[in-house]
Amino acid sequence: MTRPLAAPRPPTRPPLDLDAVRADFPCLDQEVHGQPLVYLDNAATTQKPQAVIAAMARYYAHDNANVHRGVHALAERATEAYEQARAKVAHFLHAAEAAEIVFVRGTTEAINLVAASLGNRFTAGDEVVITEMEHHSNIVPWQLLRDRLGICLKVLPMDDQGCLRLDKLDALLTERTRLVAVVHGSNALGTINPVREIATRAHAAGALLLVDGAQAVAHLEVDVHAMGADFYAFSGHKVYGPMGIGCLYGRRELLEQMAPYQGGGEMIRHVTFEETTYAPPPARFEAGTPNVAGAVGLAAALDYLDSLGRERIAAHEQDLLAYGLAQLAGLTGVRLIGNAPERLGILSMVIAGAHPHDVATILDRDGIAIRAGHHCAHPVMDHFHLPATARASLALYNRRAEIDRLVAGIHHVQEVLGR
Amino acid sequence: MNDLRALYEDVILDHNRRPRNFQHKPGGANHQAFGFNPLCGDEFTVYLQVENNIVTDVGFEGVGCAIAVASTSLMTEAIKGKPIAEVEALFQSVHHLLTHKGEAAAPLGKLAVLAGVHEFPMRIKCATLGWHVMKAAIENQHETVCTE
Ligand SMILES: Cc1ncc(COP(=O)(O)O)c(C=O)c1O
Numbered sequence: 001m002t003r004p005l006a007a008p009r010p011p012t013r014p015p016l017d018l019d020a021v022r023a024d025f026p027c028l029d030q031e032v033h034g035q036p037l038v039y040l041d042n043a044a045t046t047q048k049p050q051a052v053i054a055a056m057a058r059y060y061a062h063d064n065a066n067v068h069r070g071v072h073a074l075a076e077r078a079t080e081a082y083e084q085a086r087a088k089v090a091h092f093l094h095a096a097e098a099a100e101i102v103f104v105r106g107t108t109e110a111i112n113l114v115a116a117s118l119g120n121r122f123t124a125g126d127e128v129v130i131t132e133m134e135h136h137s138n139i140v141p142w143q144l145l146r147d148r149l150g151i152c153l154k155v156l157p158m159d160d161q162g163c164l165r166l167d168k169l170d171a172l173l174t175e176r177t178r179l180v181a182v183v184h185g186s187n188a189l190g191t192i193n194p195v196r197e198i199a200t201r202a203h204a205a206g207a208l209l210l211v212d213g214a215q216a217v218a219h220l221e222v223d224v225h226a227m228g229a230d231f232y233a234f235s236g237h238k239v240y241g242p243m244g245i246g247c248l249y250g251r252r253e254l255l256e257q258m259a260p261y262q263g264g265g266e267m268i269r270h271v272t273f274e275e276t277t278y279a280p281p282p283a284r285f286e287a288g289t290p291n292v293a294g295a296v297g298l299a300a301a302l303d304y305l306d307s308l309g310r311e312r313i314a315a316h317e318q319d320l321l322a323y324g325l326a327q328l329a330g331l332t333g334v335r336l337i338g339n340a341p342e343r344l345g346i347l348s349m350v351i352a353g354a355h356p357h358d359v360a361t362i363l364d365r366d367g368i369a370i371r372a373g374h375h376c377a378h379p380v381m382d383h384f385h386l387p388a389t390a391r392a393s394l395a396l397y398n399r400r401a402e403i404d405r406l407v408a409g410i411h412h413v414q415e416v417l418g419r
Numbered sequence: 420m421n422d423l424r425a426l427y428e429d430v431i432l433d434h435n436r437r438p439r440n441f442q443h444k445p446g447g448a449n450h451q452a453f454g455f456n457p458l459c460g461d462e463f464t465v466y467l468q469v470e471n472n473i474v475t476d477v478g479f480e481g482v483g484c485a486i487a488v489a490s491t492s493l494m495t496e497a498i499k500g501k502p503i504a505e506v507e508a509l510f511q512s513v514h515h516l517l518t519h520k521g522e523a524a525a526p527l528g529k530l531a532v533l534a535g536v537h538e539f540p541m542r543i544k545c546a547t548l549g550w551h552v553m554k555a556a557i558e559n560q561h562e563t564v565c566t567e
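Protein sequences appear in the order of chains A and B. Residue numbers for the first sequence follow my numbering, so the first one is 1 and each next one is one higher. Residue numbers for the second sequence follow my numbering, so the first one is 420 and each next one is one higher.
Think of the hints as simulated: they come from the structure by calculation, not from any bench. Think of the CB as a built atom: it goes at the ideal place given N, C-alpha and C, for glycine as much as any other residue.
Partner residues aside, some chain B positions facing chain A, computed with beta carbon under 10 Å:
{"no.": "1", "residue": "D422"}
{"no.": "2", "residue": "L423"}
{"no.": "3", "residue": "L426"}
{"no.": "4", "residue": "D429"}
{"no.": "5", "residue": "N435"}
{"no.": "6", "residue": "D461"}
{"no.": "7", "residue": "C484"}
{"no.": "8", "residue": "A485"}
{"no.": "9", "residue": "I486"}
{"no.": "10", "residue": "A487"}
{"no.": "11", "residue": "V488"}
{"no.": "12", "residue": "M541"}
Based on the provided sequences and hints, a complete structural model is requested.
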């Protein structure tokens, strides 16, 4: 199989027109508690552009049918739309072919699929290496596998900046290591991990690499080949697409060796009561009627990103992050958690004398949506001896004026709680 | 803005900053329970010293937001010296105050400041946590209380 050629780079375009971009997102245009909404909870889920909402509505209004099962016109259109979405995702991740993309519900299901299907071939004493900064969805599936099969789960630690201790990786890799599972960009700290380097070392030890791309896909150019990922998982809803759809990229020859994940329709070649032969990937892993509208919406989201231009988005987000970091650094009593040099637009903080939940409640009354809590990363909180942080997370439609509103909101928090 | 003031009443802020009976384990503690809110990581242990059906001493430890800490602190003040039956009635009244709009079933005195929480549905569990742990301690449940 040859790789599709990378699209030629368009000539440098002017910076994003934020007014126009924001007008694409209906949900941003509202007041909360009498203030224009400042949505800074993008790491939890991003808002959806009208193009995504319209594509899904159009699908249901015109093309809705079950896929792969009918010869009638609607079934053909639905199947075509679903498979085009798969091809779109393959192109987006620089996968070699569409068959390497399995549609799932999201990152969580993608990782559980690998743990169940690839993990099925592991035996007691085999090892899986994860890291201290994983989301629970890249911890618990491996613990379940450990409890079922007696595999050994090892954890690569991080330092107080929120960077992985790569110097400790080689010592964790043994001839029993089957898989290294690492988050591409941390949702709790923003750290972007050197997955390419981790891939090289994992492969040298004979292990595979799974990358949790839940946070990264919306913000970084992802090339699964260049980074050396054997599996890459992400969720549509964090990349401006709908909820309930996500993808697992898996290298063709790996998917081919893996047992089915769930049993049912679509995933079979032939069924008798004695024996069933399974369909090749990706169908083997997509039992039952899939989320066709979700796939259509996800493809529309990726098209939308392409139309804006990934470089322009990245340039805008990096500028916004630098601005946010500088503004927050100037605030007394505010401490940023995680100071990795390479990072996503995630500002995880603690404010002296203010519990994150009180911070979030007060900001909400100012119309500012952030997230307070452990961000499904208890081990990260434990590392910093914190019960929770207040996290503001950026997306392509945020602007400097919103960072200013956040800063004013933090002053308000300090005033309300400090009086 | 005004409901923020009602939530973060002076009394609440004061009890958050200087929680009463905090990090205090009564010498004769004979009831205790631990509870947490898995969503936000708030967690408290409540200790009770109960003699002849009267709460003669009480203390708590743990971490939580301002609402959770203040509500638990106020709770310890309110129940100290009270017979168990009265404490249980108080639990019912406070629970009613927090989960239903408006009036408490019985006059609550200082505890009435908790009424502001009602306007913040996402925060009601913060305010009830310490009370649930206290009730579990009275019932001497050894399981952990979890507000989900
Ligand atoms: C780093 C990371 N991994 C995994 C997940 C899980 O994603 P989902 O809930 O969409 O399956 C998230 C989302 O919260 C995340 O931030």
